[in-house]
Amino acid sequence: MTSTRSATLFAFALLAPALIYILTIVAYPLFDTIVLSFTNASLRQEYDFVGWANYQRIFGAGNFTEVIIRTFIWTFFSVSMKMLIGMCGAVLLNAAIPGQTLFRILTMPPWIVPMAIGIFMWGWMYNGQFGMISGLLQNFGLTNGPIAFLAYGNTAFWATIVTDVWIGVPMVTIYFLAAMQSIPKDLYEAAWTDGAGRFYRFRRITVPLMVPAIITMSLLSLIATFNSFDIIWILTQGGPSGSTTTMIIDTYKTAMGSRKYGEGAARAVVISIFVTIFCITYFRAVRRLQQGEAK
Amino acid sequence: MTDVARSTEIAAVDSPASVKPKARTRSAKAMIDRYKWYEVAALYAGLAVFLFFVLAPFIEGFLVSLKPLAQLFSRPYSFIPKTWSFDAYVSMWTSVPALGLHIFNSFFISAVVTLIVVVIVVPAAYAFARFNFAGAGLMLGGFLAVNMFSGAVLLIPLFRLMRTLGLLNSYWAMIVPGAAFLIPSSIWLLRTYMLRIPRELDEAAWVDGASRLYTLRRVILPLAMPGIVVVAIMTFIGAYAQQFIFALTFNSKTEFMPLPIGLFAFFGKQEVIWNELMAASFVGILPVMIVIVFLQRYLVAGLTAGAVKQ
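For the record, the sequence lines run as chains A and B.
Per our numbering, the first sequence starts with residue 1, numbered consecutively.
Per our numbering, the second sequence starts with residue 296, numbered consecutively.
With the rest of the complex left out, here is chain A (with noise of 0.2 Å):
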């Protein structure tokens, strides 16, 4: 039945139409971009075709190699605290303990409520002058005077590292609780059996059959973050000068604030070339992870 001429014809009208959506609104945008990475296009409808010059133009100024080793080093702070935190937050909703389901279901609001409602809260939070953190900070006496995380390059960076890790933790955890729960039971009660204690359980059992899970979560993670626009747009726009601005926030500066298309499609490709980079990592990582289980 699957293998004949008609059923092949069957199964790609059922394609059809996501694949005509897909190759309309995704693919040939992708290929525009590099195209357009290539010209000087503007907001003017006609363009011309100018080389390598948008290329030669933005890693001839020196800033674009700081913001690539910026968005990396955004990118690996946040990535790293979500997997820890994540994998902390599992451990502990996963306990047998009274008011499991309810912790759960409170875990998940970042992740449910759209994006920019909850980087609006932190806005506020970050507030110098009234803002919660700032705030409590000085009623227990922390610090002499207020802090606005915002107004300077340093904190700046960290506030929008933990807002884009409160964002993403919720997704990761419940994903690092299924892939415990996943684990079977008799393991762990034959390792009790055997007398090994619930910190030894975990290294020994938890730890070592999480990998697959992790390693999988990391590599989604990594991609997200690296994309990451909203949280970074909302709070600092990619500021106090520039110490926000990662890949995402540059090309779209260029691309929509200075409305250089030519360059901004340029930098786009740099961007789409590292994510190409970590999505081939991440399918050569499934595949071995499935080889693996299936030995």
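Hints in this document: simulated from the structure, not taken from any laboratory.
Keep in mind that a hint or two might mislead.
[What the hints assert, rightly or not] Only pairs whose alpha carbons sit at most 25 Å apart, straight line, appear in this in silico SDA-like list of lysine to any residue:
| no. | chain 1 | residue 1 | chain 2 | residue 2 |
| --- | --- | --- | --- | --- |
| 1 | B | Lys377 | A | Ala95 |
| 2 | A | Lys253 | B | Ser465 |
| 3 | A | Lys253 | B | Leu463 |
| 4 | A | Lys253 | B | Asn464 |
| 5 | B | Lys548 | A | Gly257 |
| 6 | B | Lys548 | A | Ser42 |
| 7 | B | Lys331 | A | Tyr188 |
| 8 | A | Lys185 | B | Tyr339 |
| 9 | B | Lys377 | A | Ala196 |
| 10 | B | Lys331 | A | Asp186 |
| 11 | B | Lys377 | A | Gly257 |
| 12 | B | Lys331 | A | Gly145 |
| 13 | B | Lys331 | A | Gly197 |
| 14 | B | Lys331 | A | Asp194 |
| 15 | B | Lys377 | A | Gly128 |
| 16 | B | Lys377 | A | Gln138 |
| 17 | B | Lys331 | A | Ala190 |
| 18 | A | Lys185 | B | Arg491 |
| 19 | B | Lys331 | A | Ala196 |
| 20 | A | Lys253 | B | Asn442 |
| 21 | A | Lys253 | B | Trp467 |
| 22 | A | Lys253 | B | Gly461 |
| 23 | B | Lys331 | A | Ile183 |
| 24 | B | Lys377 | A | Gly141 |
| 25 | B | Lys331 | A | Leu187 |
| 26 | A | Lys185 | B | Leu338 |
| 27 | B | Lys377 | A | Gln129 |
| 28 | A | Lys253 | B | Val441 |
| 29 | A | Lys185 | B | Glu334 |
| 30 | A | Lys253 | B | Glu334 |
| 31 | A | Lys253 | B | Ser445 |
| 32 | B | Lys331 | A | Ile133 |
| 33 | A | Lys185 | A | Gly197 |
| 34 | B | Lys331 | A | Gly257 |
| 35 | B | Lys331 | A | Val91 |
| 36 | B | Lys331 | A | Gly141 |
| 37 | B | Lys331 | A | Arg201 |
| 38 | B | Lys377 | A | Leu142 |
| 39 | B | Lys377 | A | Asn144 |
Starting from the known structure of chain A, fit chain B onto it as the hints suggest.
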């Protein structure tokens, strides 16, 4: 249940042979999950810290919405409002005249996106789950790769595309690209679900002379319904939670703005009326929050089915 079945079940429960091992495993499970008092204390303390991190912005946001503006801009800082007032919940409707419309737009856009995604994804997932055609694996990988590119990277050509199609400054400017980035993960999710429906059912229908389309409609669709519900919920949440960049870039008309952008315009002003902003945020997200409490099982199911096993 028939009487015979019930009586045999009772007999089975009564017989000592079946009782004993059950009791033993239960006690082993209970023992392994038994915590000392300080362990329980540590767990609750840990959960308190964790949930405080997760919920602090909401708690603070809610308390801010109840503080009169004068108190909000006074020092020293106090976490709990000194005087409670619901004024912000009244005055916000005049400060953001289109608030109701923004909330409606958010729901409307998400609902249309969900509809489009479900209509496109169900046949596609069925094709991937049942037919071994050339290039299926590659295409499936291609769809997954789409997930890795964010709309932000493709913004320039998308903007030009929307302009060419004449969709700028309309609902479609947000719906069309929004749906595109939610289709791939939904295909994966539903395909995984459909793979679990026994192939024999399709074959039996085929033998009985049912056409392929009829099989899909009458055999597969009803059985895949729980999976489709999960996909629809995940899509709606995705569409609802991520309304920002397309709405920010492709639409400038107030009457089409979804809630986040409607409030962002408000946020961008020189003097932010924070208590109203928070009040408006809460009123806007309340319906979803309530729905989530009831649907959380589906959410966990959707997330884990899509990601753990592929």
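Do the alpha carbons of lysine 377 of chain B and glycine 141 of chain A lie within 25 Å of each other, as the hint requires? holds (21 Å)
Holds or violated: lysine 253 of chain A to tryptophan 467 of chain B, with C-alpha atoms at most 25 Å apart: Since the Cα atoms of lysine 253 of chain A and tryptophan 467 of chain B sit roughly 24 Å apart, the hinted pair holds (cutoff 25 Å).
Hint check: lysine 331 of chain B vs leucine 187 of chain A, CA-CA at most 25 Å. Holds or violated? holds (22 Å)
Given the hinted pair lysine 331 of chain B and isoleucine 133 of chain A, is their alpha-carbon gap at most 25 Å? violated (35 Å)
Verify the proposed pairing of lysine 377 of chain B with alanine 196 of chain A, using a straight-line Cα cut of 25 Å. The hint is violated at about 52 Å.
Run the distance test for lysine 377 of chain B versus glutamine 138 of chain A: straight-line Cα separation, threshold 25 Å. holds (18 Å)
Next pair to validate is lysine 185 of chain A with arginine 491 of chain B; report whether the Cα-Cα distance is within 25 Å. holds (24 Å)
Holds or violated: lysine 377 of chain B and glutamine 129 of chain A, Cα atoms, limit 25 Å. Distance ~18 Å between lysine 377 of chain B and glutamine 129 of chain A Cα, so the pair holds.
Regarding the pair lysine 253 of chain A and serine 445 of chain B, is the alpha-carbon distance no greater than 25 Å? holds (16 Å)
Agreement of lysine 253 of chain A and glutamate 334 of chain B with the hint, judged by alpha carbon distance not exceeding 25 Å: It is violated: about 51 Å lies between the C-alpha atoms, which goes past 25 Å.
Lysine 331 of chain B paired with aspartate 194 of chain A [C-alpha distance capped at 25 Å]: holds (19 Å)
Between lysine 331 of chain B and valine 91 of chain A, is the straight-line Cα distance small enough, at 25 Å or below? Measuring from Cα to Cα gives roughly 17 Å; hence the hint holds.
Checked against the numbered hints listed earlier, the structure breaks hints 1, 9, 11, 12, 30, 32, 34 and 36; every other hint is satisfied.
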